[in-house]
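Letter by letter, the chains look like this.
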Amino acid sequence: MLYDHIILKYGEISLKQKNRKEFIFQLHRNVKKLLKAFTNLEIKSSRDWITITLNGEDPEEIIPICQRIFGIQNISVAMKVSNDVESIKEAALFALKEAEDVKTFKISVRRANKKFPHRSPEMNQILGAHLLSNTDGFKVDVHHPDLELKVNIREDHTFITSKQYPGAGGLPVGSSGSTLLQLSGGIDSPVAGYLAMSRGLRIEAIHFHSPPYTSDGAKQKVLDLARKLAEYGHDINIHIVPFTAMQQKIHREIPFGYSMTVMRRMMLRISEIVASKRGILSIATGESLGQVASQTLESMHAINAVTSYPVIRPLITTDKNEIIEIAKKIDTYPISIRPFDDCCTVFVPRSPKTKPKKDKVEYYENQLDLTKELDELLANIEVVQVSSSAQAKDTLDELF
Amino acid sequence: MIYFDNSATTEPNEEVLATFVEVSKRYYGNASSAHQLGLNAEQLLRKSYQHISRLLSVKPTEIIYTSGGTEGNNLAIKGIALAYQSRGKHLITTSIEHPSVLNPFKALEELGFEVTYLPVDQSGIVSVDDLKQALRDDTILVSVMHVNNELGTIQPIRAIGEVLKNRKYTFFHVDNVQGFGKVELDLKASYVDLATISGHKIHGLKGTGLLYQREGVRLFPLLHGGGQQDNRHSGTEDIAGIVSLARAMRLILEKQTNQVIQLRQLNQLLRERLNEIEDVVINTPEDQAPHIINFSIPGFKPEIILHALEERGIYVSTQSACSSKKADESSVLRAIHLPPNQRNSALRISFSYQNTPDQVDKFVQSLKAIITELKQDMR
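Sequences listed follow chains S and A, in order.
Terminal number for the first sequence in full-length UniProt numbering: 400, no gaps in between.
Terminal number for the second sequence in full-length UniProt numbering: 379, no gaps in between.
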């Protein structure tokens with residue numbers, strides 16, 4: 001006897017009606033992509049779940065990866081047996097004996113195959129009696145069992161599962177289109193990216209780099225953060241924007257109180273240009289209401305005015321503590337707290353306006369011609385693609 | 001050449017050396033420097049924490065790089081004693097520890113700490129009951145080695161961990177210098193708080209090693225300075241040494257998975273062949289660590305045999321290398337109450353995964369010949 005299958009049960013997709021097939025197709029692709037290192041797997045999708053045949057691969061390595069795939073409600077390891085009572089009995093007994101730290105159990109039979117000779121309640125009794133008479137010390141507890149043995153009798157085979165793991169929930173990455181994430185090296189923006197992905201968005205990232213004011217350490221942080229996010233879906237393109245000249249000019253020529261607002265507006269304009277070139281229909285940010293001067297309603301109003309693109313702000317009403325909690329959970333926190341400044345902190349004026357006026361910003365911007373800087377900057381955007389750290393075997397690893 | 005002194009040190013692995021050279025050439029930046037060279041070094045350092053933490057199934061933050069076994073043991077023992085002395089000044093260890101454990105304890109006694117040295121039974125194993133009885137409310141540290149360096153006996157680490165697991169302020173240190181890569185030890189399952197590993201005992205380089213420090217355990221640092229390694233061990237990180245250590249650890253663990261049976265076979269063969277020689281008494285009990293066998297040839301000075309073997313290109317040791325230059329007999333062998341003529345005639349064979357049955361055969365033949373010759377001389 002052997003646990004030889006993993007079953008991934010869909011979450012929200014199950015509620016979809018006509019376009020369900022597209023969601024399933026996307027999820028299937030994501031699963032295949034994230035598990036491509038395990039070459040022996042057979043992956044098949046059906047209406048309500050994906051069945052993975054292990055063919056000897058180690059489920060312990062595969063489950064943690066599956067737990068990061070959005071669109072999956074839960075994950076269970078299963079044994080596949082033929083539809084006869086004796087085989088089912090044998091497998092159920094094996095599952096009970098294999099389980100650790102179990103004193104009480106419950107059997108839940110589902111009989112999709114109505115031709116199977118025994119009804120579900122009858123099967124429950126047959127299996128329960130078999131397990132109790134062939135073991136010592138176990139008890140049945142239908143309310144709070146240590147172990148729930150699920151027996152799923154399908155058309156031509158039966159699956160027996162005993163252990164279930166929670167999935168990541170949400171929608172399959174890619175099923176909602178794409179967004180361009182403004183990724184700094186801070187704590188918030190990677191969390192925003194993660195939450196955007198959980199709602200089915202595929203992400204690309206844009207990062208504003210201002211050497212020598214910002215270091216390569218800051219850039220490396222962004223690459224490492226993107227690599228972490230890639231573990232939840234797909235390879236991520238990062239557009240690295242050489243922002244120094246423009247930032248210097250803004251800093252020199254715009255009154256102190258307004259330079260931050262103008263800088264943010266330029267970032268958003270540049271993001272829109274990059275997004276439109278890549279056919280991306282939205283921009284995502286890590287903004288959280290009231291956190292810093294650029295994140296007041298007045299600031300966001302003035303900044304947002306330069307684009308008609310939807311700006312997705314997953315964190316807008318989230319407390320900092322909750323953001324940190326998520327950052328720790330998805331393991332971006334230790335990267336974010338590495339001590340390198342990003343371009344937003346370097347040129348912060350001593351007292352940026354928390355309530356900038358839109359018409360004033362426009363007035364100052366009109367005094368200033370940034371066309372040359374913009375053209376040059378757009379011509380020199382560097383695009384780096386990163387894969388998840390699980391897949392990425394970079395040259396450094398060869399030293400170990 | 002037949003090298004049977006692998007518990008003293010091992011031959012550095014070619015791949016490990018290549019890593020050391022490569023990293024020294026390409027990543028010589030100071031990991032604390034802000035420029036690109038420093039950044040590259042820092043990135044490599046971070047990677048090595050990841051690689052090693054995966055090998056040990058611990059967190060990256062639970063690793064402190066050291067210069068080897070002596071430093072690891074000193075940092076663990078003095079570090080706990082000094083950090084937690086306000087909670088108690090009683091420490092427990094065993095009478096058969098390596099000098100790099102025993103001597104820090106002796107030093108702490110001078111500073112006003114009280115140390116209980118647990119005895120061992122005739123097979124060289126410490127009793128868990130003795131430990132239970134020695135524990136007091138003010139006991140802040142228990143330090144027990146995993147595999148004894150002279151005898152190869154395996155101590156009941158897991159059982160000791162079980163005894164200590166619910167004692168919040170009694171920390172458990174394991175000197176795993178001889179055990180790592182040869183005898184499995186699950187740090188978490190054994191409730192170990194601190195564990196010492198040394199690079200040059202596993203075909204790595206001298207001057208490399210690490211101390212596992214469980215999350216939540218505080219240590220008073222031995223070295224204060226620039227605050228490297230989270231202030232726990234200041235000093236510019238030896239990136240080349242660290243990366244080479246990671247590689248040596250990976251390689252030995254792979255060997256442990258695939259070849260430990262081979263070590264046991266060598267052990268079994270050596271035992272059988274030594275039993276054929278009537279002058280030889282084997283001191284190491286059966287079913288201990290696969291790579292160390294201690295035996296005596298009563299009536300013969302071990303130095304003479306050691307040098308006679310050396311003339312034939314065979315390298316073994318008397319006692320442990322760290323104390324073998326001293327005239328006095330082994331305290332470990334005294335602790336297991338061997339009769340004097342066995343204590344002062346002991347030799348140690350320690351294998352590595354490189355050794356072969358053929359070498360065991362040649363060694364035993366040479367030993368037989370040497371004994372015969374010496375006997376003639378003595379007449």
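Since the hints were made in silico from the structure, they are not lab data.
Some clues are possibly wrong.
[Stated by the list, open to error] Below, a list of computed lysine-lysine pairs in the DSSO-like style, where the Cα atoms sit at most 30 Å apart: (1) S:K36 <-> A:K255; (2) A:K47 <-> S:K328; (3) A:K89 <-> A:K132; (4) S:K320 <-> A:K59; (5) A:K106 <-> S:K329.
Honestly, which of those hints from before does the structure not fit?
-> 5
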